[in-house]
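Chains as they are written, first to last, in full-length UniProt numbering: chain D, 1 to 328; chain W, 1 to 328; chain E, 1 to 328; chain B, 1 to 328.
Take these hints with a grain of salt, some might be off.
Given that identical chains are not distinguished, each listed pair holds provided it fits within a single copy or across any two copies.
Straight-line C-alpha distance at most 25 Å; calculated SDA-like pairs for lysine to any residue [as the list claims (entries may be wrong)]:
1) Lys310 to Arg252
2) Lys299 to Ile328
3) Lys3 to Val251
4) Lys230 to Arg59
5) Lys91 to Glu119
In short, the hints are calculated from the structure, not lab data.
Number of protein chains: 4
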Amino acid sequence: MPKTIKKIGVLTSGGDSPGMNAAIRSVVRTCAYHNIGCVGIYRGYQGMIEGDFKEMGPRSVNNIVNKGGTILKSARSTEFRTPEGRIKAHKNLVDAGVDALVVIGGDGSFTGALLFNTEFDFPVIGIPGTIDNDIFGTSHTLGYDTALNTVVDVIDKIRDTASSHNRLFLIEVMGRDAGHIALNAGIGAGAEEILIPEEDLGLERLLDSLKKSKAAGKSSSIVVIAEGDKIGKSVFELKDYVESNFPEYDVRVSVLGHMQRGGSPSCFDRVLASRLGVKAVESLLEGQSNYMVGLLQDKITLTPLEQAIKGHTEIDLELLRVSDIMSI
Amino acid sequence: MPKTIKKIGVLTSGGDSPGMNAAIRSVVRTCAYHNIGCVGIYRGYQGMIEGDFKEMGPRSVNNIVNKGGTILKSARSTEFRTPEGRIKAHKNLVDAGVDALVVIGGDGSFTGALLFNTEFDFPVIGIPGTIDNDIFGTSHTLGYDTALNTVVDVIDKIRDTASSHNRLFLIEVMGRDAGHIALNAGIGAGAEEILIPEEDLGLERLLDSLKKSKAAGKSSSIVVIAEGDKIGKSVFELKDYVESNFPEYDVRVSVLGHMQRGGSPSCFDRVLASRLGVKAVESLLEGQSNYMVGLLQDKITLTPLEQAIKGHTEIDLELLRVSDIMSI
Amino acid sequence: MPKTIKKIGVLTSGGDSPGMNAAIRSVVRTCAYHNIGCVGIYRGYQGMIEGDFKEMGPRSVNNIVNKGGTILKSARSTEFRTPEGRIKAHKNLVDAGVDALVVIGGDGSFTGALLFNTEFDFPVIGIPGTIDNDIFGTSHTLGYDTALNTVVDVIDKIRDTASSHNRLFLIEVMGRDAGHIALNAGIGAGAEEILIPEEDLGLERLLDSLKKSKAAGKSSSIVVIAEGDKIGKSVFELKDYVESNFPEYDVRVSVLGHMQRGGSPSCFDRVLASRLGVKAVESLLEGQSNYMVGLLQDKITLTPLEQAIKGHTEIDLELLRVSDIMSI
Amino acid sequence: MPKTIKKIGVLTSGGDSPGMNAAIRSVVRTCAYHNIGCVGIYRGYQGMIEGDFKEMGPRSVNNIVNKGGTILKSARSTEFRTPEGRIKAHKNLVDAGVDALVVIGGDGSFTGALLFNTEFDFPVIGIPGTIDNDIFGTSHTLGYDTALNTVVDVIDKIRDTASSHNRLFLIEVMGRDAGHIALNAGIGAGAEEILIPEEDLGLERLLDSLKKSKAAGKSSSIVVIAEGDKIGKSVFELKDYVESNFPEYDVRVSVLGHMQRGGSPSCFDRVLASRLGVKAVESLLEGQSNYMVGLLQDKITLTPLEQAIKGHTEIDLELLRVSDIMSI
């Protein structure tokens with residue numbers, strides 16, 4: 001029979017994403033709702049090792065539902081990869097009376113949580129927070145929807161300039177291993193071509209597509225490229241390649257970078273964060289552990305952390321066809 | 001065996017919503033992709049009766065994916081409710097060589113489409129476009145996601161003032177019959193209480209909630225109220241009620257109104273519109289009729305128009321519990 | 001010779017406006033820069049009477065430059081209108097070692113500051129913070145530029161709907177005594193007609209303008225109306241009047257309300273707030289008192305508080321002519 | 001005595017900027033207001049040479065006041081630099097009945113306009129359109145205010161991530177020869193340090209500033225760098241330099257790029273564009289030529305084009321001191 005849980009620790013780990021604060025708020029308030037304690041752990045696993053804790057009540061999380069970033073901050077911790085580091089961390093939790101952990105982050109953060117559970121039989125639940133949407137067991141990670149809106153807003157602005165000057169823009173968006181942002185924001189922003197890590201469309205196809213686009217009477221073009229696209233050229237190399245093969249184009253590059261991780265979360269991300277936080281805390285209170293809470297088919301579900309880490313998310317290749325049709 | 005379709009008409013009808021233009025663009029370009037003609041019908045069924053048509057090609061819909069409203073405009077048509085009106089409309093379509101129809105709108109628009117099909121055996125497919133999200137057969141209607149973001153953005157601004165002055169704000173949002181906007185935007189904006197058409201929470205509960213909120217040390221409060229909330233009082237009557245029972249509160253009212261229908265669509269609405277437009281056209285080409293295309297469990301699906309019209313969407317009452325926990 | 005100032009108090013009073021937080025930050029950091037103390041006074045003059053003070057250093061104002069509202073909050077104080085109230089307030093300041101005061105607010109706040117100076121020879125400097133831009137001695141009050149952007153954003157959204165449906169919208173914006181917001185946002189949003197407190201254009205002219213607009217082939221119209229417009233009818237009465245005289249119009253009303261006071265300040269307001277805060281503190285340190293800092297002809301200037309209170313701001317009537325030309 | 005003007009041509013040239021469309025609209029409608037013709041010239045001087053003209057009336061410019069970019073497009077023209085090119089251009093204007101020209105653009109565009117006037121005694125008026133605010137004779141160029149808001153919005157987003165991870169961000173903004181954007185957006189976004197072309201602050205000072213910032217307890221830092229900053233290192237070289245001297249910092253680079261030129265114009269830019277367009281047309285009608293219309297001390301003024309081209313805008317160095325105080 002599981003030990004009764006009296007105090008839950010919450011931390012954010014890995015890259016920050018919009019909605020993390022809304023998830024922290026939800027965890028803190030759900031604890032208060034069930035009359036159990038809540039401890040905020042600063043700077044992820046590193047703060048766990050250093051005992052950088054703060055007791056949190058409902059008013060500690062006022063006015064953060066709409067803030068980007070994470071008030072608990074995030075950090076890498078090499079020390080947590082050592083048994084000694086984890087022993088220190090565990091001792092700190094025990095000393096602080098913390099019985100269970102909610103970890104908000106991505107794959108790497110969940111791997112740490114799972115290891116921690118294995119070693120100390122410490123109840124853990126994960127909440128998927130990353131803009132890349134590359135976690136198995138949830139249709140949406142926290143921050144993904146916001147990042148899509150940020151990216152289309154920026155591309156809308158760039159298109160103003162592109163169409164005023166008859167230019168071709170190569171726009172690099174985040175996504176080292178997953179093309180979700182590129183594919184969806186590309187369709188949303190009306191990109192002529194989209195390059196993603198999951199499919200090698202080949203350079204020929206890019207040139208063909210640009211030629212077709214010109215022939216169709218389009219005066220400007222936007223190509224959206226995920227960081228980790230399969231072609232394996234940098235966006236600046238692509239620029240040179242296109243210009244040498246297509247000298248009539250005035251090609252410009254824009255690397256959107258870190259702005260994609262910030263900003264006030266969308267309504268979708270705020271509601272999702274609120275729901276996931278409730279489920280995370282209540283799952284721990286029901287004696288569950290080693291699960292990630294997620295959204296599948298519009299319902300809040302539990303996926304074993306092990307599957308969440310090892311599983312592979314698929315992109316919807318039908319979207320590539322939609323993109324093709326849209327860029328006729 | 002269905003007649004081969006050579007030209008498709010597209011119209012928008014009912015209240016406009018963000019994403020309608022993206023859907024028009026998708027219908028037009030999918031027609032071009034399949035080498036069939038496309039005719040834009042202006043001002044909904046009224047334009048159908050008046051023959052207010054325009055041939056549309058891929059370049060007719062340049063740079064509209066990110067625009068609110070509808071370039072085809074929308075209008076009410078009392079004439080279309082008469083058999084004579086519909087006969088005129090049918091004659092115009094036949095004269096223009098239009099073989100099938102895509103109708104972007106809500107319940108009322110679909111009722112017209114179904115009637116038109118019954119009378120003239122004319123193939124029709126519906127695309128759900130309304131911010132209210134009150135159509136059976138789709139988890140999201142076009143414009144709903146955008147409206148949620150618009151509402152939380154505005155409430156975020158109002159909260160700046162509310163918390164600077166320790167005020168209570170009663171904010172009326174759209175939703176005559178459905179509380180989707182109120183419930184989700186209310187959670188997203190961190191409302192202390194949410195009043196919706198689906199549940200009569202009672203006035204007592206509102207006062208209790210406000211007292212609890214004050215006791216919990218909150219310095220300001222936001223109550224989000226759907227137009228058609230069950231309590232049956234106007235938002236101005238509610239203000240009087242609260243002030244007379246709770247004189248220490250400085251109560252202000254804000255009726256968000258029509259701004260909720262406008263604005264550049266969110267990435268979600270743009271992608272959904274693109275996908276629904278493709279499916280609508282391709283369903284017609286495959287010989288389907290009398291269906292609404294929609295999104296169910298993240299997949300594009302077909303729902304018989306009759307069900308879409310008669311079916312009743314449920315709100316997720318679990319969200320009320322989440323809202324309760326969040327406003328502790 | 002003025003007493004050396006060692007500690008400055010800062011408060012916000014009256015309606016909040018975007019940029020107040022940036023001004024507080026500037027006052028606090030300028031004090032730190034000159035190695036003098038700074039005390040934040042909560043809830044305006046009421047907090048001064050209640051001794052609701054907090055010592056503030058440079059890190060107390062981290063991450064607020066971009067936040068709407070005021071972290072010091074604002075409140076009305078009837079007690080400050082009594083000599084007893086002001087004596088209490090003065091005693092609290094003296095007890096806390098506060099030697100001088102920066103008051104961020106509007107006319108009413110400055111009147112209080114001037115009275116306080118007269119009675120206790122206490123150095124005071126005012127910073128104009130109100131969205132209405134109705135203070136003499138500055139071309140821009142804090143929050144005005146942000147409010148203009150908020151209003152045109154909202155009207156842009158409403159225009160999506162207006163032009164989709166061929167509707168006339170009557171939009172009420174803030175401005176009880178001053179038409180600055182209505183006039184500038186009206187031009188910015190492309191309004192067909194603008195009604196302001198400073199000029200009685202008459203109802204005839206409104207109807208003429210709408211007829212002309214219809215005759216010119218415009219399918220929709222936006223009329224922007226300041227709260228305190230000269231015609232003296234409510235926006236709802238205007239709706240009835242227009243509809244009865246112009247039955248072919250489908251007239252809708254939107255009252256923008258409090259959202260106009262909130263939101264993240266524009267770059268202009270943030271920079272202005274930073275400059276005014278520096279000038280306010282350094283003026284006090286130089287022995288000045290009873291002035292308002294302001295922006296005139298792109299330069300930071302001092303205007304005697306008495307003039308700021310009594311003086312009358314003029315609107316640029318040439319803008320009415322520009323509006324007329326633009327709405328041809 | 002000047003020839004009576006019956007038709008005015010309008011073009012946009014050089015880099016596009018938000019507000020150009022609002023200025024086009026104003027020129028077109030002011031012509032209509034005075035009952036003279038208006039011709040839109042596409043793709044700047046190149047379109048003038050190719051006769052790429054379109055007659056424009058008040059309805060040609062519907063719904064563009066809020067759009068970024070330029071509907072008349074812009075292009076470079078090497079041919080216009082030749083006497084033959086200009087002769088062709090002149091002939092086209094004469095053939096089209098165009099008597100005078102409004103040129104919306106920057107220095108280079110005005111140089112072309114002046115030359116054209118000298119050679120053909122053709123009346124020209126310039127409207128300053130560029131985000132860089134580097135044109136003598138106006139306190140604000142069209143698009144500058146909008147660009148400032150775009151930049152602070154993006155830096156606000158980046159700060160979410162910076163403060164979640166205790167990082168240092170080097171952010172490059174536009175401004176090859178002028179630091180207006182860097183200086184004002186840097187203050188607006190709360191940058192710790194700002195590097196501009198007008199002042200060589202030296203690398204030592206940057207390091208000092210970062211050390212001071214760390215010592216002051218700041219957990220993250222933003223440095224804003226104009227493209228053409230005096231230090232003469234690229235932003236990537238600066239990253240290496242800071243990291244080698246300050247290994248405890250995790251330094252990230254963001255180059256904002258072309259998004260700064262796009263987007264819906266701010267209210268300020270829309271109103272300024274409307275006023276400048278009226279003044280440009282009415283100045284031509286009054287027989288003026290070779291002037292640039294601009295805003296000086298809140299008034300619309302005329303500056304000889306020659307001065308506008310040769311004059312040098314100064315940045316307000318007092319702002320550097322404000323920035324220093326703010327980053328304490």
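Status of the hints after comparison with the structure:
For the homomeric pair Lys310 and Arg252, neither the shortest alpha-carbon distance inside one copy (38 Å) nor that between copies (30 Å) is at most 25 Å. With identical chains, the CA atoms of Lys299 and Ile328 are at most 25 Å apart between copies only, with a shortest distance of 24 Å across copies and 36 Å within one. Taking the shortest Cα distances, Lys3 and Val251 never come within 25 Å of each other, neither inside one copy (62 Å) nor across copies (44 Å). With identical chains, the CA atoms of Lys230 and Arg59 are never at most 25 Å apart, being 47 Å at best within one copy and 31 Å at best between copies.
Taking the closest pair of Cα atoms, Lys91 and Glu119 come within 25 Å of each other only inside a single copy of the chain (12 Å); across copies the shortest separation is 62 Å, beyond that limit.
Against the hints set out earlier in the document, violations occur for numbers 1, 3, 4.
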